[in-house]
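Asks: Now for the letters of each chain:
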Amino acid sequence: MARRGTASAAAVLAGSLLLASCGGSDGGGTSDAKTLRLWHYEAPNSAMGVAWTAAIKEFEAQHPGVKVEFEEKSFDQIQKTAPMVLNSSDAPDLMEYNKGNATAGLLSKQGLLTDLSAEVTKRGWDKLLSPGVRTTSRYDANGVMGSGKWYGVPNYAEYTMVYFNKELFAKYRLAEPKTFDDLVAAMDTFAENKITPLANSGAEYLAQQYVYQLALSRADRSWVDSYELYKGKTDFHDAAWTYAADTFADWVKKGYIGKSSTSAKAEDAGVSFLQGKAPILFSGSWWYGRFQDEATFDWGTTLWPGSNLTPGSGGNLWVVPKSAHNKELAYDFIDITMSKKIQNLLGNKGGVPVAADTAAITDPKSKELIANFNTLSGRDGLAFYPDWPVPGFYDVLVSETQKLITGSEKPDDYLDALREAYDKGVPKT
Amino acid sequence: MTVTVERGGRVTGKQDGAVHPRRARDSYALFLLPGAVAFLAVVIVPFLMNTGVSLTDWQGVGSPEWSGLANYRELLDDAEFWESFRHSLFMVVAMAALPTAVGLVLAAALFDYVGKHFGSRTAAVLRACFYLPQVLPIAVAGIVWSWILAPDDGSLNELLQAVGLGSWRQDWLGDPDLALWSVMGVMVWVQLGFPLVVFMAGLERVDPQLYEAAELDGAGWWRRFRHITVPQIRPEIYVVLTWCTIAALKVFGAVYVLTKGGPGGATNVPSYFSFTTFFEKTQVGYGAAISTVLTVIILALSVIGLRLQTRAEDAEEGARA
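If you read the protein sequences in the order shown, they are chains A and B.
So that you can map any letter, position 353 of the first sequence is 353 in my numbering, and since no number is skipped, the others follow by simple counting.
So that you can map any letter, position 122 of the second sequence is 551 in my numbering, and since no number is skipped, the others follow by simple counting.
The hints are simulated quantities; they were obtained by calculation from the structure and are not laboratory data.
Don't take every hint at face value.
Covered stretches of chain A, going by a simulated chain B footprint (3 or more residues, C-beta under 8 Å) [what the hints assert, rightly or not]:
#	region
1	74 to 84
2	87 to 100
3	324 to 331
4	404 to 410
Okay, the calculated beta carbon distance ranges per label pair [said to hold, decoys possible]:
#	chain 1	residue 1	chain 2	residue 2	range
5	B	ALA465	A	GLY232	54 to 64 Å
6	B	SER596	A	LYS171	55 to 65 Å
7	B	ALA499	A	LYS80	17 to 27 Å
8	A	THR296	B	LEU730	54 to 64 Å
9	B	ASP606	A	LYS327	30 to 40 Å
10	B	ILE572	A	ASN308	52 to 62 Å
11	B	GLN563	A	ARG379	33 to 43 Å
12	A	ARG379	B	ILE572	37 to 47 Å
13	B	ASN479	A	LYS367	48 to 58 Å
14	A	THR375	B	GLU494	45 to 55 Å
15	A	LYS194	B	ASP606	18 to 28 Å
16	B	LEU505	A	TYR172	55 to 65 Å
Please read all numbers here as calculations on a predicted model, not as lab measurements.
Just so you know, even glycine gets a beta-carbon here, dropped at the ideal spot from N, CA and C.
Using the sequences and the hints given, assemble the complete structure.
Replies: And the structure:
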């Protein structure tokens with residue numbers, strides 16, 4: 001009898017184990033109308049992190065009895081698990097997500113995101129966003145950005161710029177880089193003085209953005225539209241790409257870019273600028289607040305000289321999962337992040353707001369950041385990022401650009417490799 | 430009744446009429462049931478699901494489209510996969526062959542020399558030191574090694590500079606000709622403690638009289654090592670080799686933290702390749718095919734390893750009988 005009991009217990013235990021492993025989990029998330037489940041991945045001390053924290057407080061004040069259940073995620077965590085999470089009942093009500101064809105576009109195509117078009121018009125968000133910023137919010141039926149329905153709303157913008165160490169420029173009696181020739185002359189002088197002028201990271205995005213920026217300096221809007229929006233044929237051996245690959249390889253030879261930067265991460269590049277080792281860093285506005293906080297020397301910024309276009313776009317998107325339980329609350333939260341109060345806060349903390357009151361931005365550095373963005377935005381200069389066109393292109397760009405730095409691949413072969421990966425991933429329709 | 434459990438789990442019974450061997454087997458089977466169900470749930474079912482996914486063209490969401498063996502055909506022609514697999518063979522050297530060989534010599538030295546001349550406590554402390562990397566999470570070890578091997582101000586390059594060998598400074602993880610060797614070096618360091626501890630435990634069961642007799646006969650350390658240590662702990666050697674080879678074939682964490690498969694794919698391995706195909710390229714079907722092939726290869730090698738081990742043990746027992 002006892003043995004039979006043991007057998008039954010074992011069978012029950014085994015059965016439950018099997019069921020537990022096969023069944024869905026509820027994830028512990030709440031779904032009552034008194035809770036807004038929110039995920040984002042901004043660092044608490046970044047401009048966006050500070051602004052979103054203030055927005056949560058504002059939201060709770062405006063919605064008595066409603067609690068914001070915030071879960072801090074990492075960018076990588078959301079990037080790699082979003083399709084699976086959004087396909088389950090564990091999806092939050094509102095989530096920050098990366099923009100572009102390979103990310104938000106892919107999810108919208110799969111029907112995992114809510115169409116926000118009606119809400120965008122009703123609440124007037126479309127009027128607050130400039131055309132360049134708006135591009136990454138809309139996706140067509142194939143998940144290609146730029147047209148179609150609204151699947152996300154960005155509350156800030158981002159763009160790349162040349163950060164330079166004013167003290168090192170002064171030490172070597174160099175003019176601040178207003179023209180491309182100024183930039184090259186400065187790099188020559190630094191290289192002659194055994195200083196590697198450009199901070200770079202071959203293992204992460206910086207290297208590929210140098211190449212892309214060089215290509216953009218010989219490109220126009222239709223070139224970008226072909227590459228990013230498939231509105232034409234992209235030729236990886238055209239004048240712009242050839243110039244970019246040749247020049248980048250040449251800059252490595254001339255010592256403008258360190259060969260030892262092959263395995264460096266973006267953080268290493270940022271730190272080398274902050275430590276005064278690299279006098280120039282070309283990267284995004286996401287570094288701005290940190291440099292404001294941590295740099296112990298005088299520094300300045302300028303848009304890449306001699307180019308109308310530069311990598312940049314609307315910031316990450318607020319998306320509302322299709323399976324969200326409290327969509328109205330999610331829309332209310334987005335609305336608060338678009339309010340002047342939150343936008344001004346974001347602007348004063350080193351972010352690039354999309355709907356701030358210019359007069360309310362008092363910090364001089366922040367004013368400079370926003371002024372540069374307005375210049376760029378005014379000339380329709382946001383050219384997105386090189387890894388956006390096809391899923392997995394980021395890794396291809398990292399891997400191939402590393403070969404360009406080490407000299408193990410010639411520029412021509414480099415462009416062939418990019419073409420092959422691009423053609424393989426680009427939508428056939 | 431006397432029940433005897435033979436090696437290999439076979440149960441025999443001298444029947445005295447009170448208990449039937451069939452019922453004895455049943456009772457053991459009952460104890461195995463939860464484990465078997467758990468194995469089914471967390472290994473077999475996901476493996477079959479993964480195999481099913483590998484026969485589709487799926488992006489991870491939406492409906493998968495049946496593509497038959499297309500992913501496997503593509504895999505056959507995928508130079509990147511075979512290159513990653515070639516790197517795996519290097520990792521087998523770094524994580525199985527070298528640690529086993531070096532671990533064997535070190536274990537014998539600690540047991541037979543250090544233990545005798547400096548005391549067992551000293552041997553135990555040294556053993557713990559060698560085992561320490563096994564305790565560290567690979568992410569932590571990887572980050573620390575990436576600092577040590579950093580090109581500009583890494584400790585290794587600084588050390589070389591300090592001792593007058595500045596010309597030997599290298600970009601250890603960034604040079605495509607060196608990166609794989611550097612990762613291999615780190616993995617030897619990580620892996621060494623495991624065989625060492627297993628071999629030292631194995632040596633505990635060796636009859637000390639064998640060593641004493643050999644010493645009286647004038648056998649030096651190397652002869653004792655060859656003729657007593659190695660043959661006596663052969664079962665442990667097989668286990669360690671099999672275990673470490675499997676670990677080497679599925680190595681992921683170290684590559685992820687140290688190089689992310691770079692520079693230019695120079696340190697890519699199948700598990701990392703599968704990971705990027707799954708999550709970066711969202712080619713879930715193709716990523717599943719890579720995982721399936723990798724699993725089959727690991728299973729085949731495990732079976733071969735276990736067969737060889739059993740055969741060698743049987744031969745040894747036969748020779749003794």
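Asks: Given the range 52 to 62 Å, decide if the beta-carbon distance of B:ILE572 to A:ASN308 lies inside it.
Replies: Distance hint for B:ILE572, A:ASN308 is violated at roughly 41 Å.
Asks: Against the range 48 to 58 Å, how does the distance between the Cβ atoms of B:ASN479 and A:LYS367 compare: consistent or not?
Replies: This hint holds: roughly 54 Å between Cβ atoms.
Asks: Honestly, do B:GLN563 and A:ARG379 meet the 33 to 43 Å range at C-beta?
Replies: Since the Cβ atoms of B:GLN563 and A:ARG379 sit about 58 Å apart, the hinted range of 33 to 43 Å is violated.
Asks: When you take the CB atoms of A:THR375 and B:GLU494, is the distance between them in 45 to 55 Å?
Replies: holds, 47 Å
Asks: At a Cβ distance under 8 Å, does chain B reach at least three residues of the region 87 to 100 of chain A?
Replies: violated (count 1)
Asks: Are there three or more residues in the region 404 to 410 of chain A whose C-beta lies within less than 8 Å of some C-beta in chain B?
Replies: holds (count 4)
Asks: Tell me if the beta carbons of B:ALA465 and A:GLY232 are separated by a distance inside 54 to 64 Å.
Replies: holds, 59 Å
Asks: Verify the CB-CB distance for B:ASP606 and A:LYS327 against the hinted window 30 to 40 Å.
Replies: violated, 55 Å
Asks: Between the region 74 to 84 of chain A and chain B, are there enough contacts, at least three residues with CB-CB distance under 8 Å, for the coverage claim to hold?
Replies: holds (count 4)
Asks: Does the hinted range 54 to 64 Å hold for A:THR296 and B:LEU730 at CB?
Replies: holds, 55 Å
Asks: For the pair A:LYS194 and B:ASP606, does the Cβ-Cβ distance stay inside 18 to 28 Å?
Replies: Holds - the Cβ-Cβ distance for A:LYS194 and B:ASP606, about 25 Å, lies within 18 to 28 Å.
Asks: Has the hinted range 55 to 65 Å been met by the Cβ atoms of B:LEU505 and A:TYR172?
Replies: 56 Å Cβ-Cβ, so the 55 to 65 Å window holds.
When held up to the earlier numbered hints, the structure conflicts with 2, 3, 6, 9, 10, 11 and fits the remainder.
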